[in-house]
Amino acid sequence: MAIQVYNTLTRRKEPFQPLEDGVVRMYVCGPTVYDKAHLGHAMSVMVYDIIRRYLEYRGYTVRHVMNYTDVDDKIIRRARELGEDPMALAEHYIEEFERHIRELGLLQPHVKPRVSQEIPWIVRIVEGLIEKNFAYVLEGGDVYFHVPQKPDYGKLSGRRLEDLQEGFRIEPDPRKKHPADFALWKAAKPGEPSWDSPWGPGRPGWHIECSAMNIHHLGEQIDIHGGGQDLIFPHHENEIAQSEAYTGKAPFVRYWLHNGLLMVGDTKMAKSEGNFVTIDDFLKEHEADVLRMMVLQSHYRRPLLFNEATVHQAEAALERLRGGMRPAFPQAPGLDAARVHELNHQAEEARRAFEEAMDDDFNTPAALAALFTLVRHINQARDAGATDAQLRKAQATLLELAGVFGLTLTPEGPATGDIAPFVDLLLEVRQELRRQKMWALADRIRDGLARLGIQVEDTPHGTVWRRKS
RNA sequence: GGCGGCGUAGCCAAGUGGUAAGGCAGGGGCCUGCAAAGCCCUGAUACGCGGGUUCGAAUCCCGCCGCCGCCUCCA
Numbered sequence: 006m007a008i009q010v011y012n013t014l015t016r017r018k019e020p021f022q023p024l025e026d027g028v029v030r031m032y033v034c035g036p037t038v039y040d041k042a043h044l045g046h047a048m049s050v051m052v053y054d055i056i057r058r059y060l061e062y063r064g065y066t067v068r069h070v071m072n073y074t075d076v077d078d079k080i081i082r083r084a085r086e087l088g089e090d091p092m093a094l095a096e097h098y099i100e101e102f103e104r105h106i107r108e109l110g111l112l113q114p115h116v117k118p119r120v121s122q123e124i125p126w127i128v129r130i131v132e133g134l135i136e137k138n139f140a141y142v143l144e145g146g147d148v149y150f151h152v153p154q155k156p157d158y159g160k161l162s163g164r165r166l167e168d169l170q171e172g173f174r175i176e177p178d179p180r181k182k183h184p185a186d187f188a189l190w191k192a193a194k195p196g197e198p199s200w201d202s203p204w205g206p207g208r209p210g211w212h213i214e215c216s217a218m219n220i221h222h223l224g225e226q227i228d229i230h231g232g233g234q235d236l237i238f239p240h241h242e243n244e245i246a247q248s249e250a251y252t253g254k255a256p257f258v259r260y261w262l263h264n265g266l267l268m269v270g271d272t273k274m275a276k277s278e279g280n281f282v283t284i285d286d287f288l289k290e291h292e293a294d295v296l297r298m299m300v301l302q303s304h305y306r307r308p309l310l311f312n313e314a315t316v317h318q319a320e321a322a323l324e325r326l327r328g329g330m331r332p333a334f335p336q337a338p339g340l341d342a343a344r345v346h347e348l349n350h351q352a353e354e355a356r357r358a359f360e361e362a363m364d365d366d367f368n369t370p371a372a373l374a375a376l377f378t379l380v381r382h383i384n385q386a387r388d389a390g391a392t393d394a395q396l397r398k399a400q401a402t403l404l405e406l407a408g409v410f411g412l413t414l415t416p417e418g419p420a421t422g423d424i425a426p427f428v429d430l431l432l433e434v435r436q437e438l439r440r441q442k443m444w445a446l447a448d449r450i451r452d453g454l455a456r457l458g459i460q461v462e463d464t465p466h467g468t469v470w471r472r473k474s
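Letter by letter, the first sequence follows residues 6 to 474 of our numbering.
No lab work stands behind these hints: they were computed from the structure.
Some clues are possibly wrong.
[Stated by the list, open to error] Here are the simulated lysine-lysine pairs, DSS-like style, with alpha carbons at most 25 Å apart:
id	residue 1	residue 2
1	Lys155	Lys289
2	Lys194	Lys155
3	Lys276	Lys289
4	Lys181	Lys160
5	Lys194	Lys181
6	Lys18	Lys182
7	Lys18	Lys79
8	Lys155	Lys181
9	Lys289	Lys160
10	Lys117	Lys137
11	Lys137	Lys181
12	Lys254	Lys137
13	Lys117	Lys18
14	Lys79	Lys276
15	Lys41	Lys276
16	Lys160	Lys79
17	Lys41	Lys289
18	Lys254	Lys160
19	Lys117	Lys79
20	Lys155	Lys137
21	Lys160	Lys18
22	Lys117	Lys41
23	Lys182	Lys160
24	Lys181	Lys79
25	Lys182	Lys194
26	Lys137	Lys182
[Unchecked claim] What follows is a list of derived Cβ distance ranges for each label pair:
id	residue 1	residue 2	range
27	Gln234	Asn312	18 to 24 Å
28	Arg381	Asn312	51 to 57 Å
29	Ala389	Arg357	22 to 28 Å
30	Tyr62	Glu108	20 to 26 Å
The beta-carbon is built from N, C-alpha and C at its ideal position, and this holds for glycine as well.
My request is simple: use the sequences and hints to build the entire structure.
This is how it looks when you write it as structure tokens:
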């Protein structure tokens, strides 16, 4: 059974079949680098990180491109406010985002192109669109894409040109031939970053960059294009129009994937809403896997609720998953072969359920449920007295599948490092105190260790300790 | 107004024609000197409301109510 993916273009789940066997060309809309990135950005990037990991798990070679928009109105405006150079400002936030990629545990995209470095390709494509009559040049050096020239315009977002004309809130530029026409190239205004072009100095419009980077780095047709649902219109709609008009090939993108937005209360998290939490602020309080767990617990196409309760729930769920990796009890007697065989069978069953869920449009909540079931089976076996060797296979499966999600289930238990002998010594003494029923002293050791971040647990099969997270 | 989507237990969240996964929180129990963890049992006669189709609907159709996103920069 092939992987099924929901395609925004057709509004259906379709069997996933890339253009070239075994190779997936994937482009993800990256950030506009004008300010600190927030969790909405992180969530989106993480969704496609998880999808990429699963495709690779499934044996595909994924070519993953994520862009940086480093030329843009917002960057220019903000740089002006701060009295900085726009390109320097962009560079600063690109470096910061690079740090986020590392800290969030994201796989590195293979190419991370920047608009400022793609100007020749952009110019080439705009020229091509003019030649083919899909674009026109205005006096002053602006170039616009002429939407009515592309009869299937609106096919991604389900809009018709007639509807669009009425909804226009901004006074359309009277020089445009049609109100929906959009800028491919903007003539430079004084003090703005600009590049030479056949139409005079200027800079690219918002949408053309993605077309150029796609065609340059992945080719004229790609398999997956991802981004937030708020990009469907106009950004991706325009991207299709330009790209298909330029190349004459359709579809430009075989599968359009759009993730739901991160919500705070009833509103999406956004800079303009003022309700955002920056990635840096979140990571001060929580580890990256907590965010990853939040993303996994909800299907990627649905909105994701962000609040204190959902963060806590993700934290608890992560702990539960990690609990499955705990070692056997010190004096575990071991299980009989049939029981071990059963556990290993349960692990294989978990893998099957995991794959079935992920094959169905990357249903991470259902796949996660399979992992929780496996954790319960491992815990049952451990409680029954399994040894480390007997748990090994099931735990390896758990570790591997959680790794496909990008989660790190640091094996817990006898911590490495210098403190282990000291803790063990204290626990030996405590054991003797317990034998003599000197509870107050025994508890003093346990409480003292707890204050130092060491959790002591007395099990039927011996006493264990671990670092508290 | 147009386009897209959502409404499932206290909370989060799968399921989209065959009789409601999973996680968190809660209750009871086992284990324990106590604790913690784990394990076992427990929760919606029920899936926004009202009709309809069907042997059968949370799942399909119609209507209504509420909510969100997009139509302007936005992951």
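Here is how each hint holds up against the structure:
Distance restraint check for Lys155 and Lys289: the Cα-Cα separation of roughly 49 Å exceeds the 25 Å cut-off, and the hinted pair is therefore not satisfied. Among the hinted pairs, Lys194 with Lys155 is inconsistent with the structure: their alpha-carbon atoms are about 30 Å apart, more than 25 Å. Taking the CA atoms of Lys276 and Lys289, the gap is near 20 Å; set against the 25 Å cutoff, the hint holds. Under the criterion of a C-alpha separation no larger than 25 Å, the hint pairing Lys181 with Lys160 is consistent with the structure, at around 22 Å.
Restraint check for Lys194 and Lys181: the C-alpha separation of about 19 Å stays at or below 25 Å, so the hint holds. The hinted pair formed by Lys18 and Lys182 fails the criterion: a straight-line CA distance of about 37 Å is larger than 25 Å. A threshold of 25 Å between alpha carbons decides the hint, and for Lys18 with Lys79 the separation of about 36 Å lies outside it, so the pair is violated. A distance of roughly 16 Å separates the Cα atoms of Lys155 and Lys181; the hinted pair therefore holds under the 25 Å criterion.
Using a Cα cut-off of 25 Å, the hinted pair Lys289 and Lys160 is violated, with the two alpha carbons roughly 43 Å apart. For the suggested pair Lys117 and Lys137, the alpha carbons sit about 30 Å apart, so the restraint of at most 25 Å is broken. Pair hint Lys137 plus Lys181 holds up; C-alpha atoms about 18 Å apart against a cutoff of 25 Å. Taking the CA atoms of Lys254 and Lys137, the gap is about 14 Å. The hint holds against a cut of 25 Å.
Our distance criterion of 25 Å between C-alpha atoms is broken by Lys117 and Lys18, whose separation comes to about 29 Å. A hinted pair counts as satisfied when its Cα atoms are at most 25 Å apart, and Lys79 with Lys276 qualifies at roughly 12 Å. For the proposed pair Lys41 and Lys276, the alpha carbon gap of about 10 Å is at most 25 Å, so the pair holds. With a C-alpha separation of about 28 Å, the suggested pairing of Lys160 with Lys79 is violated against the 25 Å cut-off.
Under the criterion of a C-alpha separation no larger than 25 Å, the hint pairing Lys41 with Lys289 is consistent with the structure, at around 15 Å. For the hint linking Lys254 to Lys160, the alpha-carbon distance of about 15 Å falls within 25 Å, and the restraint holds. At roughly 20 Å between alpha-carbon atoms, Lys117 and Lys79 fall within 25 Å of each other, so this suggested pair holds. Restraint check for Lys155 and Lys137: satisfied, since their Cα atoms lie roughly 11 Å apart, inside the 25 Å limit.
With a C-alpha separation of about 17 Å, the suggested pairing of Lys160 with Lys18 holds against the 25 Å cut-off. With a C-alpha separation of about 18 Å, the suggested pair Lys117 and Lys41 falls inside the 25 Å cut-off, and the hint holds. Simply put, Lys182 and Lys160 have alpha-carbon atoms about 21 Å apart, close enough for the 25 Å limit, and the pair holds. For the proposed pair Lys181 and Lys79, the alpha carbon gap of about 23 Å is at most 25 Å, so the pair holds.
The hinted pair formed by Lys182 and Lys194 meets the criterion: a straight-line CA distance of about 22 Å does not exceed 25 Å. Of the supplied pair hints, the one linking Lys137 and Lys182 holds, its CA atoms being roughly 16 Å apart against a limit of 25 Å. The hinted range of 18 to 24 Å is satisfied by Gln234 and Asn312, whose Cβ atoms lie roughly 20 Å apart. Between Arg381 and Asn312 the C-beta distance comes to about 28 Å, which lies outside the given range of 51 to 57 Å.
Our hint of 22 to 28 Å for Ala389 and Arg357 holds, since their Cβ atoms are close to 24 Å apart. Between Tyr62 and Glu108 the beta carbon distance is about 23 Å. The supplied range of 20 to 26 Å therefore holds.
Violated hints, listed in ascending order, are 1, 2, 6, 7, 9, 10, 13, 16 and 28; each of the other numbered hints is respected by the structure.
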